[in-house]
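Sequence lines, in order, name chains A and B.
Residue numbers 1 to 80, in the working numbering, belong to the letters of the first sequence in order.
Residue numbers 1001 to 1641, in the working numbering, belong to the letters of the second sequence in order.
These aren't lab readings, by the way, just hints derived from the structure by calculation.
Treat each hint with caution, since some may be false.
Residues from chain B shown here face chain A by an in silico Cβ test under 7 Å; the list is partial [unchecked claim]:
#, residue
1, P1076
2, H1079
3, G1080
4, T1108
5, F1115
6, Y1242
7, E1244
8, L1273
9, M1275
10, T1279
11, E1490
12, L1495
13, R1496
14, V1497
Heads up, the beta-carbon is just placed ideally off N, CA and C, and yes, glycines get one too.
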Amino acid sequence: MVAALVDVPTNEWIELIEVPDDESRVRLLRLGLLDGRVKCHRRIRNGPVVVRRRGTEVALGRPLAREITVKRAGPDGERR
Amino acid sequence: MTANGEAVNDEAANEGTAGGPGLGHTEVALVGAPNAGKSVLFGRLTAEYADVSNYPGTTVETTAVTVGPTRLTDTPGVHGISSFSEEERVTRETVLEADAVVNVIDATRLDRDLFVTLQILDMGVPTVVALNMMDELEADGVEVDVDALEVALGVPVVPTVAVTGSGVDELRERLPEASAPASTPVDSHYDALPDAVEASRAEKTLLVEGDEPTARRVGARGLVADGGDGPLANVEDREAVYRERRNRVRSIVDAVERDTGSGRAAGQRLGDLLMRPVTGVPIAIGLLATVFYLMGVIVAQRVVGYAEGVFFGRYYNPAVETAVADLLPASEWAAPVEFLLVNDNLGLVTITVQYVLGVLLPLVIAFYLVIGTLEDAGLLPRLAVLTDRGLNRIGLNGRAVVPLIVGVGCVTMAVISTRMVGSRRERLITTALLGLAIPCSAQIGVIMGLLAGLGVAWWGGYLAVLLGVLGVAGVFLDRALPGRQDPLIEQLPRLRVPRPGNVARKTANRSAAFLREAVPLFGATAAAVSTLDYVGALDAIVEALRPLTAALGLPASFGQVLVLGLIRRDFAAAGMTDATLSASQTFVGLIVVTLFVPCILTMAVILRERDARSALLVWVGSWVTAFTVGGVVAAALEVIA
């Protein structure tokens, strides 16, 4: 199930599969957000989306979150 | 960090050879993610030694301390050694010149921080890892097998708790054991580089990662032989190298980290509250009010007011004026010299000293205290998240919130804090908005007094006009400037209670560095303005402004107000209290002086932080905006009346 990051509900486990902007992709890769599952931790209304992985929380601005394609794994995805 | 350049004469520095730093002078860099505890550890490692020096010149500061034969440099926090931001550029330069690195990693963020560790080891820089925040790790209910991590990395790993000093002695003792594996998986990518490229292992690693500054640096040596047709830096390879390194990070983390399941519930309530608009906006307004009260009322008005009115006004300036008059002979040539030194607008030994010590220094210290506290608490990134949405509309991302808040306290300081904002484009937009539409606290006091005499409706009108200009200017600059908006990618650190010692040390270092740079700059500006004043150029400007003031329906004396405004913003506002103006004239006048050019200190700082073109854009733009908006408002009031 593929969706844009902005459309993912809170607490759902996802995989970020496509980040079109080169620099953003590399920065997310370095932070460890592009290999494996991350949790959609919080969505600020009309604002950034916060994703979480192993205690690391990263806020992604809304325009960027709109561009990012994710694979949804459902709310009962593996822990951590 | 060219300031370090002369100190590095060991070959090890450029060769990046494995093995601990030898005898003699060694450069050690403290490297790690923001909020991993680098600064506190730096303080611990160097606490007993007073020889602290700060290196400005780069736009993001580094601090170095010499302890015996070792010079320890604290670097800005980064998530990778690369060139995506000013912080990364500074850290990359420092690492390239270091003989050894103390890599501070947050034990609770192993999966994030080991990327930098492996990158430094791939670069072949001898390293000791400080596994910090061991106390937090325990509270989280997670265990890390330190011995296994040491084996996996192949370099010493020392568990530390920087805030209590635990593990710091062992870290110091094991520093000579700093090493790097003789070869790492990144070596296989070196084949992609031209055969004859003469670069250290560190440089080769950065080259295969497509780091352009390194490519220029290596390319400039002219040592690239034939076959080096392609670009030296390989952007395509970067992702492959990064992915491969991430895989290594994951397998290490999987092997050494174990969740005991006994930890506290994850989640940081306060941090979440600050990011959600419903709760975040009131908290942010409270925070803003506190910052404004501290900077705008306590410091800008009371402290600065006392310094200017009493210390300088009653004692220092009269005494210096008398002294200068006594010292200089009463001959013809002495008159211009005396004017330059003690004139009432910007005398070099009177008003200039007053500005720097009486106005700027208190504001600088207060500013760095506030920012240092918010920074140490981990609040700034959350504030950025909260405001990202609004700032997106004017071409900025959430990070620009800090300069805009600080601007209400002091625009000069705010321009300096634009260093925290991402790209050049965003810094320029932020600087322009600050110069145009943000009244500083010095001015606000006087403006509030004048508006209070007019009534609430005028107040609302004033605010509406300013916000309108801010919005329109932001949208205009966003459209007009090339490039695209920088996306917000903000790592949210753990919230914690700020540590006074840490904040105080940073404040002292930063304030001293600022003064070292600012004093000569302001001295030169003051001399130039005084010269213009002496030859009568300032009076000529008042004369030239006559048609403009007339067009706004204001008396010619308003030109005098504007000329004062060229030097200092609150002078302009204060000048208006003396003039007899009608309500609508006062309103138009206040809008014009608010939108009018930033004070001379701000201009000097814009020149230093940006460039002449940006400074000119802000300055000319302010003239145009002030008179256009003032004219429109005057015309509108005419119609209504």
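Now for the hints, and whether the structure bears them out:
1. P1076: violated, 16 Å
2. H1079: holds, 5 Å
3. G1080: holds, 5 Å
4. T1108: holds, 5 Å
5. F1115: holds, 5 Å
6. Y1242: Constraint on B:Y1242 satisfied, holds at 5 Å.
7. E1244: violated, 11 Å
8. L1273: violated, 11 Å
9. M1275: holds, 6 Å
10. T1279: With a closest approach of 11 Å, the B:T1279 hint is violated.
11. E1490: Hint on B:E1490: holds, closest Cβ of chain A at ~4 Å, below 7 Å.
12. L1495: Hint on B:L1495: violated, closest Cβ of chain A at ~11 Å, above 7 Å.
13. R1496: violated, 14 Å
14. V1497: violated, 19 Å
Figure legend: structure checked against the earlier numbered hints; hints not met, in rising order: 1, 7, 8, 10, 12, 13 and 14.
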